[in-house]
Structures are given as structure tokens and as C-alpha cells.
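Line by line, the protein sequences give chains S and Z. Whatever position you read off the first sequence (first residue = 1), add 1 for the working numbering. Read in the working numbering, the second sequence has 186 at position 191, and its numbers run on one by one without any break.
Think of the hints as simulated: they come from the structure by calculation, not from any bench. Hints may be right or wrong, so weigh each one.
To be verified - Cross-link-like lysine-lysine pairs, in silico, DSS-like; alpha carbons within 30 Å at most:
{"no.": "1", "chain 1": "S", "residue 1": "Lys106", "chain 2": "Z", "residue 2": "Lys27"}
{"no.": "2", "chain 1": "Z", "residue 1": "Lys74", "chain 2": "Z", "residue 2": "Lys157"}
{"no.": "3", "chain 1": "S", "residue 1": "Lys149", "chain 2": "Z", "residue 2": "Lys277"}
{"no.": "4", "chain 1": "S", "residue 1": "Lys88", "chain 2": "S", "residue 2": "Lys193"}
{"no.": "5", "chain 1": "S", "residue 1": "Lys24", "chain 2": "S", "residue 2": "Lys153"}
{"no.": "6", "chain 1": "S", "residue 1": "Lys96", "chain 2": "Z", "residue 2": "Lys277"}
Stated by the list, open to error - Pairwise CB distance ranges, derived in the manner of DEER restraints:
{"no.": "7", "chain 1": "S", "residue 1": "Thr17", "chain 2": "Z", "residue 2": "Phe254", "range": "37 to 43 Å"}
{"no.": "8", "chain 1": "Z", "residue 1": "Phe254", "chain 2": "S", "residue 2": "Asn61", "range": "41 to 47 Å"}
{"no.": "9", "chain 1": "Z", "residue 1": "Leu113", "chain 2": "S", "residue 2": "Gln260", "range": "34 to 40 Å"}
{"no.": "10", "chain 1": "S", "residue 1": "Asp86", "chain 2": "Z", "residue 2": "Phe13", "range": "22 to 28 Å"}
{"no.": "11", "chain 1": "S", "residue 1": "Thr17", "chain 2": "Z", "residue 2": "Gln229", "range": "43 to 49 Å"}
Here a beta-carbon is modelled for each residue, glycine too, at the ideal position from N, C-alpha and C.
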Amino acid sequence: MSISRRDFLRIAGFSTLFGLGAKSAFEMLAPGELEAKLTPNPKALSAQRWAMVVDMRKLNEQTAEKCIEACHRVHNVPDFEDPIDPKDKIDPEEKIRWEVKWIWKEKYEHAFPGQAEVAIPEKIHKLNFLLLCNHCDNPPCVRVCPTKATWKREDGVVMMDQHRCIGCRYCMAACPYGARSFNWRDPRPFIKGDDESYPTREIGVVEKCNFCAERLAKGQLPACVEVSKGALTVGDLNDAKSKVRELLRTNFTIRRKTQLGSNPQVYYIV
Amino acid sequence: MFEKALVGTRRYYGVLGFLLLLSGIGFFIYLKQLDFGLGITGMSRDVSWGFYIAQFTYLVGVAASAVMVVLPLYLHDYKAFGRIAILGEFLAVAAVSMCMLFIIVDLGKPSRLFNVLLHPTPNSVLFWDMIVLNGYLFLNIVCGWTVLQAERNEVPPPRWLKPFIYIAIPWAPSIHTVTAFLYAGLPGRGYWLTAIMAPRFLSSAFAAGPALLVLLCLLVRKYTKFDPGREQIQTLAKIVTYAILINVFFFFCEIFTVFYSQIPDHMLHFQYLFAGLEGKGKLVPLMWVSIVGMTITAILLIIPSVRKNETTLAVACAAVIVTTWIDKGMGLITGGFVPNPFEGVTEYFPTMPEALITLGVWAIGFLILTMLYKIAVSVKEEIRA
């Protein structure tokens, strides 16, 4: 049987196309086993459903700053205000555009837009709320990610794999809390710390608070909680005896944008 | 048949050379973007999608509109459109190619593009968008090319093509519906959270696409020996008229719900676009040009004499293209991101590098379009000779 060059190319082309599609179809219909199994550290902190309570009565300006500093230091979050080499200085407009933040301060009317009351107490008006990823129980960012680079763990922590992320930023459009940042440029000239326990990021990937999953795994509390002097508490929402449940039982708490159905898991005592 | 794209007049080579130059400039700047990151664009933490995604959205519409030629031909046996079906299909091929390029230039990590296939995620609308766009590209290449080849050999198209032609018809609205669903299902973005988004997308697409096709038909007639035909152009003009009227109607439906309900999450975006917020409103003049221009054009197109005169028709079609482009290519994406989730205003405007990369992608699209049209027109001239 003879075959013309044209037919050969045609068949080769279709086989390649089919082969590419068939692989994903196969993986979708018959998901494989995990290739490796890990044994957890026996000291690891665990929960059925992690949640955080922020007690604004105990959170003063200095503590809030400390929480932000601790988080951004251990996670190698760049500070565009402060380059290692002064030559890399950027202008204020770029700083706003490129900002990366995992935990930050915001006034009441910005943290809870649409809920600004006519006459809120002066002290609440002045408060700086600490905002971070809400580790939603029904996270819109996870719903939209086309590569499963962001996903919800069984214990409720919404994770982000910066090595799988393709940088499409669909999750940033989906997040109703503005909790996600993108690496619009190389962050490394703006990272002062030399903490090697958490990887720095490359250009073009999304990142956000990971509830200090890497610290929980070693039995440490999240960095912000550790330095918060009791203002921030994490614990198991499903455990009626946990400290988080205790706080929720004895205080009135509010959450951000509950009407959207994402079921955020950061609670604020005002 | 492809050889027909390689030989042509001096003017043909001139056009190709010009488009190659523009795409070359775009490519060069894209290399800079790869090196520095998407920070060379005007996008930000708050407005995290911009010009690229907007062009993508607009062009999905242009691509989908090929169905406005194919549907009357194959479902209503409107034979006149047999003459220009290939022009619609090849326009779709070029438009979908641009869509894909715009997605790629928008990615932070284009090298990881194939993660979408490696880790297929059916709960992501983007996954479905990839499927429908690739499928649509395939369908249009197969249908267009095969019919043209049959026409060249002066035989009827092969029977196996029928199912592909019929599948391509519902597939066209599906690409723009899925693209609308990218935005319309996000809980925190009031501007996009509307069930009429997909219908609005389709109406503006079915106005803009056929309008572009009218202009292309006029160009083909002027510069080649192939005449797409007066009746064909007039029927396209009617399609443009109905679609743009429906589009304006849908816009006012949206306005009514948003402003009568007075829900701030939805109103603030329109206020930013049409009046400005906190003293910021870079897009205000453009948005007014868009909606006022679109409404006036729609009304003018109803008048038969405006449509029948090919000069005024061409002007009206250009106005349809520009006004729908401002609406989708400028307002839609930025408007969804301003104000941000904290009701703060960070404005967005494309930077020069971003605009040049965008222009480069358009140039590649028009390069594909020019070459495909050259093939189609050469075949048609050959048969008639």
C-alpha cells in the first residue's frame, strides 16, 4: 500500500490532535491514584473546619501592623515601598497597581461596603479592620480556576499552587473580597527577608493567604495569630469545645458579604 | 488551494507586508512583556483584566456572527448567501485565531498553557470556553475549506460534511454564550451579574460581525473581480439593523433593572462608566459616544434609503462596529472592576506597549483574514473565468 505525503501528514496531524484530547478525556473519566503518600507530622495542628475570629476590641494599630509584618515576612511578600537596591525604586502609581498583600488594613466602610450605617460609633469609624482571605466554605475562586491551581482542602483551607497557576487571573475576578494578588513583575528585588521556608514567587502567578498551611503542618499557629496578643484566634468550627466556637457563642460577630453565599470563615467581633 | 494565498498583485503583497510589520512590532513588545511581566500593561491588582480580555470578548462575537450567513443558507435554503458563506466562515476563522492569541498574551505564565488540558476542570467556565472555541475553529476551517474545494472542482460538497455544517450552527451562539458566562456567574461583580449578559453579547455580536462583513464585501467588490452581490449585502444590512436595535433595547432593559432597583452594587459601575466616581471617569466620554452613537445608528438603519445607499450603509456599519467595540472592548471589562470590592476606584487605561501588542494580534488576525479571503476570491474568480 502506498501513501502520499499529503495523506501521511493529514493522518499524522489528526492522530496528534486525537492523542492530546484522549489523554485528558481518559484522566477525566478515570482519575488515577495518588502517586505518593505522605505521613503527617504528629505535632501538626488539624481541624475539621478551620475558622478565624478577629476580636477588634483587642486589635490596636500596633498589633495590626505586627500581624501584617509577620505574615509578609514569613511568606516573602514583596514590599514595593522598599527595594533592596535603591535603583529599583518605583513610582507611587506603579506601587498601587502592582501591590501584593496577604493581610492588610481597611476602614469599616471599605471592609463592609453597603453596610455603612448612618450613625456608627466614632470608634468603629476609626478602626482599621484586618482583612485576609476568608477561606470561604463555598469559594468562588476555586469554582472558576481552570487548572485546579487553587482548591479547598478537606479542613477548609483554600490553597494556592503557584507552580501550577497559569496566571489567567480568573480567580481575582471571582473573589468578592479582593484577597488575591498577582505578580505583575518580578517581586524578588523587593523582598528583604532571607526566609527560605516559603518559596518566593515568579512573574505571572497569583498568590494569597494560605492560612499558614506550612506552619500548621509543623504544629505552629499562623504567623499573624502568633503575634496578635490574643486579637486573632484560629480553631475548629466543627468542634463545639474549640476556642473559636467559644468566642462565637459568647459574642456577636459579623462577616464580610455573607449575602453572596460564599460562606466566609473569618468572623469579626466589633 | 493554499498556493493561491502565495501569489498575488503588488498591492496584495503590500498589504501582507504591512500587516507583517505590525505583527512583528507586536511580537517584539510581547517579548518584553514575557521578560518583565504583565506589569508593562495598565492592569492592576484592582483591574486585573484589561484590553486583551476585552478584545477577546469582542472577537468571540465577531466569530460567532458567521452563523448569520450560514443559518439562512442551510436552514432556510436562502441560496443568495451561498455566494458569501465562505467569507463569513473565513472571517470566523480569523476572529477565533485572534481570540486565542489574546488569551495567550493575557496569561501570566503562557508556558503553562497546557495545564488546562493536563488538569481538565469542568467546573471552570474557562475550560468550556477552550473547548467551544477550539471546536468552532475546527468546524469553520473544515466547513469553509471543504465547500470551497468542492466549488473549485465544480462538484457538490461531500455528504459527510452535512453533520459538521449543522453542528456549526448551534455551536456559534454557544461560543458567545459561554464567553458571557465567564463573567455573568461571578458573585461579587455587580456589573456582570446579570442574566441578560449572554443575550446582550449575542445581539451586539450579530450586529458587529455582519457589519464588518458588509464592509469586507464592499472591499472585496472594489478590489477584486468577485462581486459578493447587492442582494447579499442588503440582507446583511437588515440583519445588522435588527441586531443593533435589539442590542439597544437590551441595554435599556439593563439600565431599568439597575436604576429602578437602586442596588448600589449594580449602580456604582454604571455611575463610574457614565458619570465618573470620586472624580474619576476616564471612560465617561467614550461610553456616551458609544450608547448615543449606537442608538442614533440603530434609528438611521431603520430608514430604507439609508440602508439601500451603499455609502451611507458603509458609514452606518462602521458606526456599529466602533460603538459596539467601545461598549465591549473598553467598557465591559473595566466597568466590571471599577469600583473594586472595597468600593474604591482604581482606574485603568491601556499603556502604549499594551496597545501595540493588541495591534499586533489584530494584525495577525487580519493577515490570516487577508490570505484566506485571497484564496476564496481567487477560487471564485477562477470558476467564473
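Outcome of the hint check:
1. At roughly 34 Å between alpha-carbon atoms, Lys106/S and Lys27/Z are farther apart than 30 Å, so this suggested pair is violated.
2. The suggested pairing of Lys74/Z with Lys157/Z holds, with an alpha-carbon distance near 16 Å, which does not exceed 30 Å.
3. Among the hinted pairs, Lys149/S with Lys277/Z is inconsistent with the structure: their alpha-carbon atoms are about 36 Å apart, more than 30 Å.
4. Straight-line distance between C-alpha atoms of Lys88/S and Lys193/S comes to about 15 Å, which keeps the hinted pair within the 30 Å bound.
5. A C-alpha spacing of about 25 Å is found between Lys24/S and Lys153/S, which places the hinted pair at or below 30 Å, so the restraint holds.
6. Annotation: proposed proximity of Lys96/S to Lys277/Z holds, straight-line Cα distance about 20 Å (limit 30 Å).
7. About 53 Å separates the C-beta atoms of Thr17/S and Phe254/Z, a value inconsistent with the hinted range of 37 to 43 Å.
8. The hint said 41 to 47 Å for the Cβ distance between Phe254/Z and Asn61/S, and at roughly 42 Å that hint holds.
9. Range check, Leu113/Z to Gln260/S: Cβ separation about 36 Å, and the 34 to 40 Å hint holds.
10. Taking the beta carbon of each, Asp86/S and Phe13/Z are about 43 Å apart, not inside 22 to 28 Å as hinted.
11. The hinted window of 43 to 49 Å between Thr17/S and Gln229/Z holds, with their beta carbons roughly 44 Å apart.
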